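J.: Below are the chains, spelled out letter by letter.
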Amino acid sequence: MSNQPRRHRPEPVEVVQKRRDAALKALVEGVPYIRFLGIRFDRRGDELTALMPFDDKLIGNPMLPALHGGVTAAFLEVTAIIVLSWTINWERMENGTRAVDRWDPRHLPKMPKTIDFAVDYLRSGLPRDAYARARVNRSGRRYASVHVEAWQDRRERPFAQGTGHFLMPADKDG
Amino acid sequence: MARMSAEEKARLAARFLQAIPHASHLGMKLTLLEDGVAETTMPYDARLVGDPETGVIHGGAVSALMDTCCGAAVMVHPESPLGTATIDLRIDYMRPATAGQNLRARAECYHVTRSVAFVRATAWDEDSSRPVATATGAFTVERGGERAVGRVLDEEGTR
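The listed protein sequences derive, respectively, from chains A and B. Here this note's numbering is used: the first residue of the first sequence is 1, the next is one more, and so on. Here this note's numbering is used: the first residue of the second sequence is 175, the next is one more, and so on.
No lab work stands behind these hints: they were computed from the structure. Please read these numbers as outputs of a predicted model, since none were measured by experiment. A couple of the hints might just be wrong.
Cβ-to-Cβ under 10 Å is the rule here; a few derived chain A residues that face chain B [what the hints assert, rightly or not]:
1) Phe36
2) Leu37
3) Phe41
4) Leu48
5) Leu51
6) Pro53
7) Asp56
8) Leu58
9) Pro65
10) Val71
11) Leu76
12) Val78
13) Leu108
14) Met111
15) Lys113
The beta-carbon is built from N, C-alpha and C at its ideal position, and this holds for glycine as well.
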């Protein structure tokens, strides 16, 4: 018994959640353009879902009406960048090597930079709330490839999808 | 498109973006509109910043400018479609736009089939020798026939 390695007591759940939520908040709320579009992120463990509540200023075709194609592209790209950034910082945050407590709008970790982004418009975006989730398909030292899907009423009927390539930020603590 | 006077073109250009809430909200203006070619400007705006440390505009806002400009180029193609929607759009980001500078995009609709318009575009900040981004896209060509009706039915089906 005495030879068994001693186990750390798991952190209380409130402490873990508070730290993760604060890190996500800092990551998202520091970016003016994300606030401008009104995009928020919902977290379940490490999985993020982006939410863009409908607003008249997001309309591109008032006759249909439909969301602006540029808004849809921006929503997908914002989701891809935040999810990629969240993924690369998650591990460091969890093993304590990243000083999450110091994150604020002026001291954010460096964000990945978009190299290219391709959007598939599958059907027109309706004048209502939109959701998106991204999957990091490759996350290397220098480059990452991320796929993202956005939907409205029905998850199985996405209205747009996108794939982007990103340049990874230099690996230093933010 | 039938021959228009410079005055008619200017009127059309002004109306064009006013009718698009998101474009007018971002202060976009059409500065050129002729057979299959459009130019659009977007003023620098602190609300569009993607990197608060540098003040660089978010790529998503550049996408909105590109998409708008490409759509305008399709609408003024001599084939004059009644309407258009983006099928796909790919943007390559060459460099970050310089903080504080206005953006300008130029789009050319270089080929139109019965149902598809092909477009390419370039965006610059105030240094017009080095593009900020380029884009290629495919757009629908709405001719007001069964296609448009089908689209409306598709929309209704999801409600």
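J.: Now tell me if each hint is right for this structure.
T.: Okay, the hints, checked on the actual structure:
1. Phe36: holds (4 Å)
2. Leu37: Holds, because the Cβ-Cβ distance from Leu37/A to chain B comes to roughly 8 Å (cut-off 10 Å).
3. Phe41: violated (15 Å)
4. Leu48: violated (17 Å)
5. Leu51: Given a least distance of 16 Å, the restraint on Leu51/A is violated.
6. Pro53: Result: violated, 15 Å to nearest chain B Cβ.
7. Asp56: Status holds, d = 6 Å.
8. Leu58: Where the cut-off is 10 Å and the nearest Cβ of chain B is about 6 Å from Leu58/A, the hint holds.
9. Pro65: holds (9 Å)
10. Val71: holds (6 Å)
11. Leu76: holds (8 Å)
12. Val78: holds (6 Å)
13. Leu108: At 7 Å from the nearest chain B Cβ, Leu108/A passes the 10 Å test, so the hint holds.
14. Met111: holds (7 Å)
15. Lys113: With a minimum Cβ separation of about 7 Å from chain B (threshold 10 Å), the hint on Lys113/A holds.
In summary, the numbered hints that this structure violates are 3, 4, 5 and 6.
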